[in-house]
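Heads up: the protein sequence lines correspond to chains A and B, in order. Under the numbering used here, the first residue of the first sequence carries the number 174, and numbering increases by one thereafter. Under the numbering used here, the first residue of the second sequence carries the number 71, and numbering increases by one thereafter.
It is worth saying that the hints were derived from the structure and are not from the lab. For every residue, glycine included, the Cβ atom is placed at its ideal position computed from N, Cα and C. Do not take every clue at face value.
With a Cα cut of at most 35 Å, we get these calculated DSBU-like pairs of lysine-lysine [said to hold, decoys possible]: (1) A:Lys334 with A:Lys401; (2) B:Lys129 with A:Lys282; (3) B:Lys128 with A:Lys440; (4) B:Lys312 with B:Lys129; (5) B:Lys129 with B:Lys196; (6) B:Lys128 with A:Lys282; (7) A:Lys440 with A:Lys227; (8) B:Lys128 with B:Lys72; (9) A:Lys401 with A:Lys509; (10) A:Lys440 with B:Lys129; (11) A:Lys282 with A:Lys334; (12) A:Lys282 with B:Lys72; (13) A:Lys401 with A:Lys426; (14) B:Lys196 with B:Lys312; (15) A:Lys219 with A:Lys440.
Derived contacts from chain B toward chain A, CB cut-off under 7 Å, selection only [what the hints assert, rightly or not]: (16) Leu142; (17) Ile146; (18) Leu311.
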Amino acid sequence: MPTFESIQRPERWAVPFSTEMTDADVDRLLTIEPFASLDATRFRGKVTLPGILKNDTRLVRCQPGDIVVRQGDWGNSAFLVVAGNVRVELGSAASLPSEILGRQPVHRKSLFESIAQLWRNSSDPEVREIAAYRGDPRIGTRGTGEQTRIYLQDVSTVLDKYQTATIEAGQFFGESAALGRTPRSATVFAERSTELLEIRWQGLRDLMRRDDALQQHIDAVFRERALKLFLMNTPIFQHLGTTEITELTEGAKFETHGQYDWAGSFKRLAKKGIDTDLQHEPLIAEEGNHTNGVIIVRSGLARLSRRHEHGHQTTGYLTPGQIFGLDEIIDGWLGKTPKPLTHSLRAIGIANVVTIPTHLIERLLLETTGRRSLARNKAKTTDPLANQPKIDATRINSDFVEFLVENRYINGTATMLIDMDRCTRCDDCVRACASTHDNNPRFLRQGPIQNNIMVANACLHCEDPVCMIECPTGAIHRQMEGGQVVINDETCIGCSACANNCLYNAIRMVDVRHEDGDFIRDDRKHAPIAKATKCDLCSDQLGGPACQRACPHDALIRMDMRAVQQLTDWYTR
Amino acid sequence: MKTLTARRFRNSGIAIVAALLLVWLSGAMTTALRDTARQTGWILFSMICFLAAYNLRKKLPFLPLGASATWLQFHIYVGLLTAVVFGVHVGWRIPNGLVESLLATLYLFVFASGVIGLFLSRSLAKRLTTRGDEVLFERIPVYRNRLQAEVETIVFEELDEAASTAVAQFYADRLRPFFAQTRNFWQHLVQSNRSRFGLLNEMQAYRRYLNDAERETMARLVTCVEAKDDLDYQFSLQATLKYWLFVHVPLTYALLVFAILHLLLVSAYSGGIS
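Just need the whole structure built from these sequences, with the hints factored in.
Listed below in structure tokens is the structure:
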């Protein structure tokens, strides 16, 4: 008889959102709106309302000025104001400066500062100016460990100077970003002492399923605030007027496919060995089925595949903004007979998609464009990021595409690819990186190789940056200008959340030193201070990424994986 | 994005046209009884200064001085063009005089080392992907020591368990020197597998003296020998790719020094001829 090790089957709430939620807290929450009026009979089985409140939420107490979320942050939770009120920055005239939000302002080195790196670079690793940690008077921090918060020091001045709106007790905020896995669209801070209920997305999803009013409210807010803007910015709808966009918004269907915590699952899967069977990937649309509408990826990634023998061959991938099914609708409309889907579409990890029904596409898009124009322009595109998810199989090996997709490298907007047929291992790229980062290289010239292309161990500056989700201070953030994912060394508390979340092990925790080479230690336990470090794509340097510019043999490139055409051209050059 | 072949054709075409133009111009000037040595000398010196400046560009990666790859393209084709300018400058003959001969020899060495370097860069990089795991050059001694320790563990385990010392004796005689340091540097460079096959054949032949357990140990040693040979292959090719620059760059500096000396001497003894 075979022997095996057994464990208790993991349950939904094996790891609660917070261990500090008490039964008394839950009882109190059940007396306030919207929970007081929820129909308890709709919560059946194991997922009960008290269970959700106990395990999927946590109470956050904010002091005046505490920043709850920043514009551009990534988060997986929504908030309900329990008591007090918060302010949301409208940002119509002026936005709160990066410095007071605890972000590193974009500072590009001058020519002299660039040259000065020749003699100013430190001889010891990871040297920092200790004065920088003694506190920027503009940045207020309070709390310790993962409870550390950045706060606005002068709330009244901020209220006078910047346009804000109040979110009162009983109102939600942050739900669109949490459910849509998109960056926060505005900065929110506490105006006075405020109690918030932070609900992780799984709990919010379950609440929405069981409460129609909440579902309708969040749906309406999403359609009004996010979907309309998204459709207006989608290239194929850009020429449409407000009326047509509103009609599309009303007719659109919004769906989420896959697991929200896909990064964690993927890391566990990768340890066991990547499964090449696509059956485990959630199917969004299947090859051969009727085309119900155009599917637009709003966030996340999707795999495009075709049946091949007894398996599925990956023929491309979709990144946010790219569309699926339009060709079939056009062909069907031009030929006057419906055409089935020629490919399958599957969520890689998680994909939030918007489906616009076929009849709306035909009426609002195709009829206005006209048959002749469509036939002429079909397959014509000049924008490398435009809708070209299919990879030219005659130019690029399918195993290379499978490798990129299986390992999630397509998530990168600046994936470091090295052509090992041209790389002479001179390490000019590593030296250049070190020279531009105070003698600390921010990547390793090592990594998996497929078809003689190495994906080096460098930050990919992901489209869906899971590293940013759990940062307690927002130190790791996406720069508003340029979109690089960077870490503010001054506000990083060394908690390693980003490094643990990164799928590609591209973030390294280092103990920092001062100029004489000794470790900088905290004043209580005298333990070394750790900081997260990673490639910043040389955002403060003149001329862009030094690694790419330093490669003499055109072997290294920082590739935006959304640009399939560029990738194909580089691969087949 | 242009293909690399298209770029090669374009750049070669430009270089050939420039070379032909230079030869024609020089010929025309000579026909007109004009001395071209001064002009071609300055052109050659400027070209060499420009070629040497590439090393400076590499030292300043933080300045927006253009991509290193673009610099290398200019370095290659301007470098090749210097051969024509050099030929025109010396009148397609072997120079006489000590300084001139030394200068010409230095130039030829720098030129040759550059061409060889280019050939090595293009050919060895490809070959590195064909054998062994991708390893960082600086880590090779670590991997080698690790492999040697692994082999010694296997041999000593065998020595403890078996009554015979056959495997241990073979290790001491034939394998210890092989694992102790990098071997067959030049053979790997010219892609010869002679030593590898020789040693593996020897191990195969030695099996007849071993019992089953010892044969199993020998099979494990074969895997280690193959891994060590692959490591040596990586070392040989990567070292060559790194160290050829230690010939090319110092020679370039020596050439620059002698070229300046040559300029000073020519100016000093020109007698005011413009």
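- Numbered hints the structure breaks, given as an ascending list: 3, 10 and 17
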